[in-house]
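Produce the entire structure from the sequences given, and follow the hints as far as they go.
There are 2 protein chains.
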Amino acid sequence: MLISSLQNPRVKDLVRLRDRRGRDHDQKLLIEGYRELLRAADAGYPVHELYLCPGLFQGTNEPALIERLRATGTQVVEVTEPVFHKFAYRDRPEGLIGVGPQLHRRLDDLPIPAHVPPLLLVAEAIEKPGNLGTMLRSADATGTTALIVCDPCTDIFNPNVVRASTGTLFTVPIAEAAPDEALAWLRARRVHILAATPHATRRFTDADLTGPVAIVVGTEQYGLSQRWLDACDLPVRIPMLGVADSLNVATATALVLYEAVRQRLAAGLAADPGPMAKD
Amino acid sequence: MLISSLQNPRVKDLVRLRDRRGRDHDQKLLIEGYRELLRAADAGYPVHELYLCPGLFQGTNEPALIERLRATGTQVVEVTEPVFHKFAYRDRPEGLIGVGPQLHRRLDDLPIPAHVPPLLLVAEAIEKPGNLGTMLRSADATGTTALIVCDPCTDIFNPNVVRASTGTLFTVPIAEAAPDEALAWLRARRVHILAATPHATRRFTDADLTGPVAIVVGTEQYGLSQRWLDACDLPVRIPMLGVADSLNVATATALVLYEAVRQRLAAGLAADPGPMAKD
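Residue numbers (the working numbering), protein chains in the order written: chain A, 56 to 334; chain B, 56 to 334.
Rather than coming from a laboratory, the hints here were simulated on the basis of the structure.
Identical chains blur together in the list; that is why a pair holds if it fits in one copy or across any two.
Pairs of lysine to any residue, SDA-like flavour, derived with a Cα cap of 20 Å:
1. Lys141 <-> Gln62
2. Lys141 <-> Val131
3. Lys183 <-> Tyr144
4. Lys83 <-> Ala98
5. Lys141 <-> Val70
6. Lys183 <-> Glu275
7. Lys333 <-> Arg282
8. Lys183 <-> Arg145
9. Lys333 <-> Gln281
10. Lys67 <-> Pro148
11. Lys183 <-> Asp146
12. Lys183 <-> Asn215
13. Lys333 <-> Gln276
14. Lys83 <-> Arg161
15. Lys333 <-> Pro290
16. Lys67 <-> Pro137
17. Lys67 <-> Arg78
18. Lys183 <-> Asp210
19. Lys333 <-> Leu284
Keep in mind it's a predicted model, so treat the numbers as computed, not measured.
Rendered as structure tokens:
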């Protein structure tokens with residue numbers, strides 16, 4: 056099948072998915088880019104449709120990925136370049152866009168390992184898709200057990216989350232929960248609730264992060280709400296040696312996650328895959 | 056003075072500054088937002104002109120900042136809301152935009168402390184203004200000695216750098232240099248050249264970062280060039296426990312900078328200002 060008309064109803068459906076309203080109504084998301092689709096495929100994420108424009112391919116591995124997806128039941132549709140540009144999200148599109156379902160998970164569906172203390176990330180509200188995607192990338196890299204999203208305003212299926220996450224949106228377990236529900240769930244599992252605040256006495260590198268711990272982060276502009284600050288039993292401080300009083304939220308999150316990794320590697324609670332082999 | 060016409064030549068001059076070509080030609084930059092202008096003022100950065108639209112103010116501290124800038128010679132101009140929206144960069148403008156000169160510094164103009172080993176950040180090429188701004192914010196927070204920019208493609212005066220840096224563009228010393236010049240300057244000062252690479256044996260938390268060290272970072276897409284990889288005498292690895300093979304460049308930079316802070320605080324080579332007082 057080749058779509059060459061901008062008036063094709065499929066094209067209109069795809070353009071609709073660029074907006075949150077259309078995405079949420081159809082319960083779908085767009086997955087643009089080779090790396091992102093590869094990670095979705097590796098994670099077993101269902102890609103229902105794949106739109107491709109071979110003239111825009113940037114590498115040589117695309118055909119193998121396309122055949123792999125086709126073999127798992129993905130419907131493959133070729134489109135002309137003007138059509139592709141109509142619904143592509145990126146400035147320099149790579150000629151591959153998939154459509155998949157919005158998968159929603161509840162807290163009790165999360166895979167929580169039995170013998171290792173969980174390392175959790177709780178996003179009270181993150182406004183910028185780029186920050187959320189960067190946090191997912193760090194969560195994947197640190198082997199974070201799961202991300203819990205506590206605010207329906209946070210749009211985890213935004214194409215810029217997919218992009219900034221480089222596809223780790225499909226590999227990090229994510230649950231959505233109301234704040235009270237999340238808090239009760241964490242307390243029932245005796246998870247320490249860690250918040251980074253400039254008023255804390257203890258530096259984040261001096262806190263014991265080898266037990267079950269959830270790092271809670273708030274909005275870029277206002278930080279954590281009082282509800283989560285009150286719930287926090289592990290306040291830590293990231294030293295600020297300059298004039299600014301805060302870091303980017305994705306940066307602060309990565310610092311605490313990696314400090315947990317440093318401590319857990321030293322304690323034998325996590326495994327380091329070691330250096331990557333050179334090609 | 057009140058500007059109410061979109062045809063006013065000043066408005067056209069300001070709109071020109073939103074584009075790099077106009078900025079570089081005029082050797083000016085835009086400073087939008089209260090926090091960013093406050094940090095510029097605190098740092099003694101010259102703000103030649105200040106455009107304001109009081110109807111858009113979000114706080115109550117703006118008049119004090121305006122008077123402070125006026126007292127240092129800033130020309131203050133009020134504009135109507137349609138005019139402000141014409142040249143504002145942000146989606147939700149705060150009613151304050153300043154214009155300042157592009158200040159360029161050479162390596163030998165950098166303030167290098169004599170008795171503390173320098174902690175330097177070298178950006179070979181960073182493409183996204185948001186990443187560069189976030190890196191400046193982390194450089195400020197870690198007391199980084201200076202940022203050295205080695206690629207003229209990197210646009211440090213982009214309004215999104217100002218914004219993502221939350222004004223720390225004005226507090227972190229920045230020098231521009233050709234790669235060979237930067238390398239010779241670093242070697243003459245016996246600065247170790249650190250690069251994060253997935254092939255390194257040593258983890259970044261196991262490397263000694265208490266001596267003079269420069270963290271070199273490359274483009275988001277391709278990483279460091281061979282030239283800098285060859286020059287690197289301190290290769291380190293950030294453990295990757297998930298499926299992805301790399302982190303966001305601003306995240307990776309912050310991790311290494313803060314590891315240097317952790318080691319320097321423990322060695323008495325840096326001072327932690329301690330917790331911030333509650334209001």
